[in-house]
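Model the placement of chain R on the given structure of chain F, informed by the hints.
Protein chains: 2
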Amino acid sequence: MTSIPTQTLTEALHWRYATKKFDPTKKIPAETWAALQQSLVLAPSSYGLEPWKFVIVDDPATREKISAAAYGQRQPVDCSHLVVFAGRKNMDAKDVEKFITHTAAVRGLPKDSLKGYQDTIEGSVERARKGGYLDVWNSRQVYIALGVYLASAALLGVDTCPMEGFDPAKVDEILGLSAKGYGALVLGPAGYRAADDKYAGLAKVRYPAQDVFIQA
Amino acid sequence: MTSIPTQTLTEALHWRYATKKFDPTKKIPAETWAALQQSLVLAPSSYGLEPWKFVIVDDPATREKISAAAYGQRQPVDCSHLVVFAGRKNMDAKDVEKFITHTAAVRGLPKDSLKGYQDTIEGSVERARKGGYLDVWNSRQVYIALGVYLASAALLGVDTCPMEGFDPAKVDEILGLSAKGYGALVLGPAGYRAADDKYAGLAKVRYPAQDVFIQA
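In the order they appear, the protein sequences are chains F and R. In the numbering used here, each residue carries its 1-based index in the first sequence increased by 39. In the numbering used here, each residue carries its 1-based index in the second sequence increased by 39.
Rather than coming from a laboratory, the hints here were simulated on the basis of the structure. Treat the numbers as computed from the prediction; the structure is a model and nothing was measured. Warning: the hint list may mix true and false statements.
Claimed, not checked - With a cut-off of at most 30 Å between alpha-carbon atoms, the simulated DSS-like pairs for lysine-lysine come out as follows:
#1 R:K104 <-> F:K60
#2 R:K237 <-> R:K104
#3 R:K128 <-> F:K209
Chain F extracted, bound-state conformation (with noise of 0.2 Å):
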C-alpha cells in the first residue's frame, strides 16, 4: 500500500471547503466519480451493518424539488453529483440477519459459525431500541461515510458541501425513502466550485489546536 505525503493530504483538507456556488458545466469524470462511490462503499460502520442508502440524483426535477426542500440553495441543482445521505430507521433483527448471512457468503463460512456473533449484534441492536437511541446509533454512523466521502472527495480535487439545511420530511417523501425504512440526513453535493464563489476565499475559520485538543 502506498502513502501519500503529509503535505498532500493537509493540502487537500485545506483546499476544502463548504462550496456555496458550483459551476454546472462542469462534471466529474466517470473514473474520479466511481473512486468517490467506492469510498462510500468502503466506509465502516459500527458492526459493519452499514444502515445506509445513498441516494445518487440525477433527475433535473428532483433537484429542484430537493433544493425547494433545501429552501431554494442551489447546490443540489448545480452541483455535478447530489448524493442525499439516508439512515436506516428503526433496524431489526432482520438486518442483522441479512448481515450474517451475507458475512458467511464472503467469508465462506457456516452461518451457523456466526450465531454468537448475531446474538451480540441483536442484543446491541435491542439495547438500543429499549434506550431510544437506536435511529441515533444508526444516524451517526451515516456521519462517518460523510467524513470518509468529504475527505476522499478533497483529496480527488472535487468539491463538496455538506448541507444539513433542508426539510427532511420532504425530502424523504420526494425521494420515497420512508416507505423503504429509510430517512434523508444530509446532502453531499459534489462537483467542481464556480469560479466566483466568493466563499472560496475566505480565510478558513478554526479554533487552535489548543481549544479542540486536551492532552490526557
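Chain R alone, transformed into the frame defined by chain F:
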C-alpha cells in the same frame, strides 16, 4: 492543489480495517501524527461550530482505565496514539458567541457585521434544544471528524479502530469530560497492526453497490 490518483484512494480504503491488535512497539512518526491532528482540526462541522474535543491519551495508567471501561479491549493500550472523540453537550448561546467572535477575528470583520449570522445559528441551536435533538445534532458532527480521521489515517498508512464498545459514563469520569460540558462518543486508537492480527487477512464484508446506492 495536487490531487491523488483514484487508485491510491481506493487501495488505501481497501487496506483499512478495524484493527483489533496493534503492535505496541510501533509508534506513529511525529510528522505523520501532526498531519492526522490537522485532519481533525480541519474537519467540517455544521456552521463550523466544532462541537467537539479530541482527547489525546498518552498516560499509560489512564489508557489502562479506558481499556477497562471498554470491557478489557486492548487497542486503547497497545495503540501508538489514542484519541477519545467527545461531543459538546447542551450547547448554548455562549458557544455561538465564542464562534462569532473567533470568526470576526480570523476574517478581520467587525463583529456586528455577523449579527444576522449569529442570530441564525442561535435560532438553530434553540430549535434543536426545544426539539430534543441538540446533543444528537452535535454528536453527528463528531462522526464527520471521525470519518475524516479514519480516511486520512488510511491514506497515511496508519491503522485505526473506531470503537463504540465502551461505557461512556466511565470514560467521561476518567477524563473529567462532564465538568467540561462534553461526553465521550467513540474511541479512535491509531498505530500499526500487529503482524499476527488475524482480522487483517479477512475478506472485507460490504454489501454490493446495488444494495447501498439508489438512483433517482
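> Of the hints given before, which are not true for this structure?
Replying inline: The structure breaks only hint 1.
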